Amino acid sequence: MTMIFGIPLQAFLGQLLVGLINGSFYAMLSLGLAIIFGLLRVINFAHGAQYMLGAFVGYLLLVHFGVGYWPALLIVPIVVGITGIIIERLALSKLYDIDPLYGLLFTFGLALVIEGIFRYYFGVSGNPYSVPELLAGGTNLGFMFLPNYRGWVVVASLAVCLGTWFAIEKTKLGAYLRAATENPRLVQAFGVNVPLLLTLTYGLGSALAGLAGILAAPVYQVSPLMGSNLIIVVFAVVVVGGMGSIMGAIVTGYMLGLAEGLTKVFYPEASNIVIFVIMAIVLLVRPAGLFGKDA
Amino acid sequence: MTDAPLLSVRGLNAWYGESHALHGVDLEVFQGETVTLLGRNGVGKTTTLRSIMGLIRKRTGEISFDGKDLMRMPLHHTARAGLGYVPEERGIFATLTVDENLILPPVVAKGGMSVEEIFDLFPNLKERRNSQGTKLSGGEQQMLAIARMLRTGVKMLLLDEPTEGLAPVIVQRIGELLATLKQRGMTILLVEQNFRFASRIADRFYLMEHGKVMAGFPVGELPDRMGQLHEVLGV
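Protein sequences appear in the order of chains A and B.
The numbers in the working numbering rise by one with no breaks, and the one at position 44 of the first sequence is 44.
The numbers in the working numbering rise by one with no breaks, and the one at position 33 of the second sequence is 33.
In case anyone wonders, no lab produced these hints; they're calculated from the structure.
Since the model is a prediction, treat every value here as computed from it, not as a measurement.
No residue lacks a Cβ here, since even glycine has one placed at the ideal position from N, Cα and C.
Among these hints, one or two may not hold up.
Straight-line Cα separation of at most 27 Å, DSSO-like style, residue types lysine-lysine; simulated pairs [as the list claims (entries may be wrong)]:
#1 B:68 / B:58
#2 A:172 / B:58
#3 B:58 / A:170
#4 B:212 / B:155
#5 B:110 / A:94
#6 B:126 / B:155
#7 B:68 / B:110
#8 B:68 / B:155
#9 A:94 / A:170
#10 B:135 / B:68
#11 B:212 / B:68
#12 B:126 / B:182
#13 B:182 / B:155
#14 B:58 / B:182
#15 A:293 / B:135
#16 B:212 / B:110
#17 B:58 / B:155
#18 A:293 / A:170
#19 B:110 / B:135
#20 A:172 / B:212
#21 A:170 / B:182
#22 A:172 / B:182
#23 B:110 / B:58
#24 B:135 / A:172
Far from chain A, by Cβ distances over 12 Å, these chain B residues were calculated [what the hints assert, rightly or not]:
#25 67
#26 90
#27 96
#28 110
#29 116
#30 126
#31 152
#32 167
#33 186
#34 219
#35 222
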């Protein structure tokens, strides 16, 4: 058997893949958080709940309406995005003019309420969501066995991240978003409907969380707590990448997922804390984050 | 010139938080005119522009532009009414290229310049169109801040100290630019500390003190008013 640093190659690559899968979700979730924070200056604590909501909407669509995975991939982000738009219009938009702490407190409370409701109806045990038929089984890559669905998650998350990055960096709407992130009042004085832009941005960030949720449903169990387990790590990713940096959030998401996977191979005891250790070191050396602008 | 002013401001009061900055400003600007607000630092010139634009929301009085009541409009409708704003700090976006900065403000009416025409007027900007906006020199940033308003088809520009901190040769170029815009029929309300600069391009002046307009006079009366101006402006 091939060994690498005294570890069987199979085990090494297996953990690397798990790291890459986790990293895919870290990247998608921290991307949404970074976009929302950049423009709205709101630390969206409801992001984990919106991710969980995405997984549950997919699950309920399947169980109650017989709507399968592929249509759900389109319906779920729309549904979660619309709930985001409603939340922004009814509540968040009223909090912009006061201390940013209120936005944080509101979304934190909202996350507790949403998770509480789902715990009440579905308990804390997970519900299985089976892998779509098309992606069932796996492929032998010669050096390792790759479950098809996991390969798909990596590809899909890369496509979502790069697509979102492109839309923000290279399109006219993205230019509005970048400019409004710098100076919203001036952009509005130029005639751009900035309040609408804020609403759509929160909707987009929520939709990204929902999409990550439905992608995650066949990998992890669909459970009311799946978001709160993940969101703390995702916040660490955003801090390491640099608050509000889009590319930083994406790259750091994958990097920290891989770092976590590697740690599981070499020193499993530390795998749960390695991300926070990295966060502490980065904050000491570069307080603005790896990709953040020094403020 | 038509009989009704394009911009009419009556009894404008404005506040920054609790601080009362404008105490009843009255002014008028007619179609095609260039009007300059003079006054020392802190008398409310910038505040007047920002209040007209709607950037300061805590304001009372009357502002009408082209027959529309600006007091009732949300901020993003002021530009659509035909007002273009060039802030004192220029407001060039660091995360946007020169090109992106130029085409950022939405077109609000027909009659604006095309990007090609703007680049003919500002060859420097064309050369650097893919640079990051804030990598430009101060003079180029000022040119860009004015240039991006010309595409939008606005009827009137509010210019806040366009010559501040710039070298004399650049100031001269901005003067030529404003003269060109004036020839094309642009209406301009200018805030300017550089009195010599202002005296070359303005048709009329308003002199501000303590958040109010103290006097208004055409450029022809300038020689007779020099004594008063020296006293009030300390120039």
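Against the structure, the hints come out as follows:
no.	hint	in the structure
1	B:68 / B:58	19 Å, holds
2	A:172 / B:58	32 Å, violated
3	B:58 / A:170	37 Å, violated
4	B:212 / B:155	25 Å, holds
5	B:110 / A:94	36 Å, violated
6	B:126 / B:155	24 Å, holds
7	B:68 / B:110	18 Å, holds
8	B:68 / B:155	13 Å, holds
9	A:94 / A:170	31 Å, violated
10	B:135 / B:68	38 Å, violated
11	B:212 / B:68	23 Å, holds
12	B:126 / B:182	23 Å, holds
13	B:182 / B:155	11 Å, holds
14	B:58 / B:182	32 Å, violated
15	A:293 / B:135	15 Å, holds
16	B:212 / B:110	35 Å, violated
17	B:58 / B:155	25 Å, holds
18	A:293 / A:170	20 Å, holds
19	B:110 / B:135	31 Å, violated
20	A:172 / B:212	41 Å, violated
21	A:170 / B:182	35 Å, violated
22	A:172 / B:182	30 Å, violated
23	B:110 / B:58	32 Å, violated
24	B:135 / A:172	21 Å, holds
25	67	18 Å, holds
26	90	10 Å, violated
27	96	6 Å, violated
28	110	15 Å, holds
29	116	19 Å, holds
30	126	19 Å, holds
31	152	7 Å, violated
32	167	25 Å, holds
33	186	17 Å, holds
34	219	29 Å, holds
35	222	32 Å, holds
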